[in-house]
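There are 2 protein chains.
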Amino acid sequence: MMFELKEKSPAAIRQVIRENRYTGPTPGLAPGYAQANLLVIPERMAFDFLLFCQRNPKPCPVLDVTDVGSAVPEILAPGADIRTDIPRYRIYKNGALVDEVLDIKEFWRDDLVAFLLGCSFTFETALLEAGIGIRHIEERRNVPMFITNIRCRPAGKFSGAMVVSMRPIPRDQVVRAVEVTGRFPAVHGTPVHIGDPEAIGIKDINRPDFGDAVTIKPGEVPVFWACGVTPQVAVMEVKPELAISHAPGHMFIGDLRDAELAVC
Amino acid sequence: MMFELKEKSPAAIRQVIRENRYTGPTPGLAPGYAQANLLVIPERMAFDFLLFCQRNPKPCPVLDVTDVGSAVPEILAPGADIRTDIPRYRIYKNGALVDEVLDIKEFWRDDLVAFLLGCSFTFETALLEAGIGIRHIEERRNVPMFITNIRCRPAGKFSGAMVVSMRPIPRDQVVRAVEVTGRFPAVHGTPVHIGDPEAIGIKDINRPDFGDAVTIKPGEVPVFWACGVTPQVAVMEVKPELAISHAPGHMFIGDLRDAELAVC
Chain G
1 MMFELKEKSP AAIRQVIREN RYTGPTPGLA PGYAQANLLV IPERMAFDFL
51 LFCQRNPKPC PVLDVTDVGS AVPEILAPGA DIRTDIPRYR IYKNGALVDE
101 VLDIKEFWRD DLVAFLLGCS FTFETALLEA GIGIRHIEER RNVPMFITNI
151 RCRPAGKFSG AMVVSMRPIP RDQVVRAVEV TGRFPAVHGT PVHIGDPEAI
201 GIKDINRPDF GDAVTIKPGE VPVFWACGVT PQVAVMEVKP ELAISHAPGH
251 MFIGDLRDAE LAVC
Chain A
1 MMFELKEKSP AAIRQVIREN RYTGPTPGLA PGYAQANLLV IPERMAFDFL
51 LFCQRNPKPC PVLDVTDVGS AVPEILAPGA DIRTDIPRYR IYKNGALVDE
101 VLDIKEFWRD DLVAFLLGCS FTFETALLEA GIGIRHIEER RNVPMFITNI
151 RCRPAGKFSG AMVVSMRPIP RDQVVRAVEV TGRFPAVHGT PVHIGDPEAI
201 GIKDINRPDF GDAVTIKPGE VPVFWACGVT PQVAVMEVKP ELAISHAPGH
251 MFIGDLRDAE LAVC
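Same order as they appear, the protein sequences are chains G and A.
Under this note's numbering, think of the first position of the first sequence as 1, with each following residue one higher.
Under this note's numbering, think of the first position of the second sequence as 1, with each following residue one higher.
Note that these hints are calculated values from the structure, not bench results.
Keep in mind that a hint or two might mislead.
Treat identical chains as interchangeable: a pair holds within one or across any two.
What the hints assert, rightly or not - Lysine to aspartate or glutamate pairs mimicking EDC-like chemistry, simulated, CA-CA at most 20 Å apart: (1) K58 x E74; (2) K6 x D255; (3) K157 x E74; (4) K157 x D111.
Isolated chain G, as found in the complex (with noise of 0.2 Å):
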């Protein structure tokens, strides 16, 4: 199955997502097309929350928010539907995981607002082509991740530490690495830290806090992104009555190519 979909367009993937025919993270599938972090929360909340991504935008780049009880990502697909069209959903209740599904359908209110926010494997697929090996994708692990003492800027209820990922690069890469990602401000843009992980407070370069712990070679300088699991950190502090996101790794594939992202 992943085989026959991972060229099909999109709109065609989303469609078998859609009938529950494949369930399974979506790396990989739709290559050039960029894939997008979903977080739904009901409406007296939005307003805080877009503020929050507003005043933050490295970790929380917006790419798009639906209208208020809309299931249509009009910028990203048109003709998507937020409901069905993510292989797998979390539901939260006052924060905390109460179950995993195959879609939204019975959780959907008419004052629930869906945001689409950027993901890294845009700006992945960018080093890759730059040159600028992936560690995490050549030791087939999840990417580093940190609580750092960096605050996000507050907006209203929301708040907390930025979360970044981590990726060691080769010294002589490091500008390179800045230059190509700088282009993708939609999907974290430049780097937030290079080189020393306690200067923004990461205790051990190798115990992250979530995903997996890869090797850095001699030579090599950890860099570190802004990571999208800060909005969902900051949402869950709050305990939302609902919250809905993606599945780790089962993101939503829209229309729009990685480098229509690119700001140059």
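Given chain G's structure and the hints, the job is docking chain A onto it.
Okay, now just chain A, sitting in the frame of chain G:
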């Protein structure tokens, strides 16, 4: 007064404005620092309006949004007070201009939200520094602005046509003008159209809908940028019971330098 003020810091200029010792227009004050458009609306419209801006970043580049009821623009100038630090304000009730005032303390309410939007002064400075003349400055007029047939992406109750400003650019500098303004997505960014006014619904290039006509010389091309009048028009069309803006040309002067708004 203008001469003494010109080279002071943004904070010092705001203090003078706060005490109503300067009530004039702001172009030329605090050169190198970004100035911003103000739009204040009630909280109940704030999510839709922020979403409208997010969906239409060229005409509506958000630089800062205050927390509900707060008059402090934390990102642009944490020491400022939005109610007093602009030389002149306009008060709109149900979409109609009812007053022009020197401060808005008596109009302020706990449910108001202030939006500060990027202003073309920043990219005009960059154009001038790149050796590209600005005709309406040379001719001491207001920039010519036109209502186009380009529709903004609607959001909730907000919709409308994009308003653009026009600057005639010598043919051999048009590409450079695109490059220079492309560095500033937070202040309208690259043009939305180059060349043919009719293609975007403009019938007579010598009869702007707002501002003044300027001379277009032989060998010059009219270049059109998204204009900050767009969100004002969109807001006034829904006739909010209260809305407050800066008076034209009387902007908010923040602590950010123009260069800090550049993406590369």
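Hint by hint, here is what the structure shows:
In this homomeric assembly, K58 and E74 come within 20 Å of each other (Cα to Cα) only across copies, at 18 Å, whereas the closest approach inside a single copy is 23 Å. For the homomeric pair K6 and D255, the shortest alpha-carbon distance inside one copy (15 Å) is at most 20 Å, but the shortest distance between copies (49 Å) is not. When the C-alpha separation of K157 and E74 is checked against a cutoff of 20 Å, the pair qualifies only between copies, where the shortest distance is 16 Å, while the shortest distance within a copy is 28 Å. Taking CA atoms no more than 20 Å apart as the test, K157 paired with D111 passes in both settings, with 19 Å inside one copy and 16 Å between copies.
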